[in-house]
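Colleague: Sequence:
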Amino acid sequence: MAGRAIEIARREGIEFRSVYLSLEDDGTIKMDAQDMGPTVKEYWGDDDYEFWVLVPPASVPKLAFELLREKFSGQLGAVDAFRVWCMTVPPASLPKLAFKLLRKKFSSRFGAVDAFRDSCMAVPPASLPKLAFKLLRKKFSGQLGAVDAFQDWCTTHDVYHEFGQWV
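Residue numbers (our numbering): 1 to 167.
No wet-lab data here; the hints were simulated from the structure.
Source: prediction; values computed, not measured.
All C-beta atoms, glycine included, are put in the ideal place defined by N, C-alpha and C.
Distance windows between CB atoms, simulated:
no. : residue 1 : residue 2 : range
1   : P61       : I6        : 19 to 25 Å
2   : E24       : F82       : 25 to 31 Å
3   : V79       : Q34       : 36 to 42 Å
4   : D80       : D48       : 42 to 48 Å
5   : P61       : K138      : 14 to 20 Å
6   : L76       : D26       : 36 to 42 Å
Construct the entire structure; sequences and hints are all you get.
Modeller: Here's what the structure looks like:
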């Protein structure tokens, strides 16, 4: 799996901030920010300040579960909403491929929900980081305070994470 990163928020100008969401090669999810400007210079005595939150691969299944629970909780049409949402995943990704295969496998089956549940228990953990990445991108895009919000969210949902900074 090749790592990927996407900028999810940016503020230009004297008080610059850029926020990135990354899916590392090992499956780690990272959200990081870089600040530059007079406030950073005054507070840290350096030209830039970087900080980040890491969710290690072992915690990504919990992260993905909590994100999905949050996204679909309280919806009586959650199964249909989840199906439609899965169809929006880029074609090269495992979730869309899995959806197509599952649709073909379970179409017109009376016990499809139970059979699908049993199949889900065998979903490879390697697909969870991509799923969590997509959900995080949507949840935090456009937020300049995304790193802090992500850290707070992980704490609230008991998802193991690490905070780091560099000046």
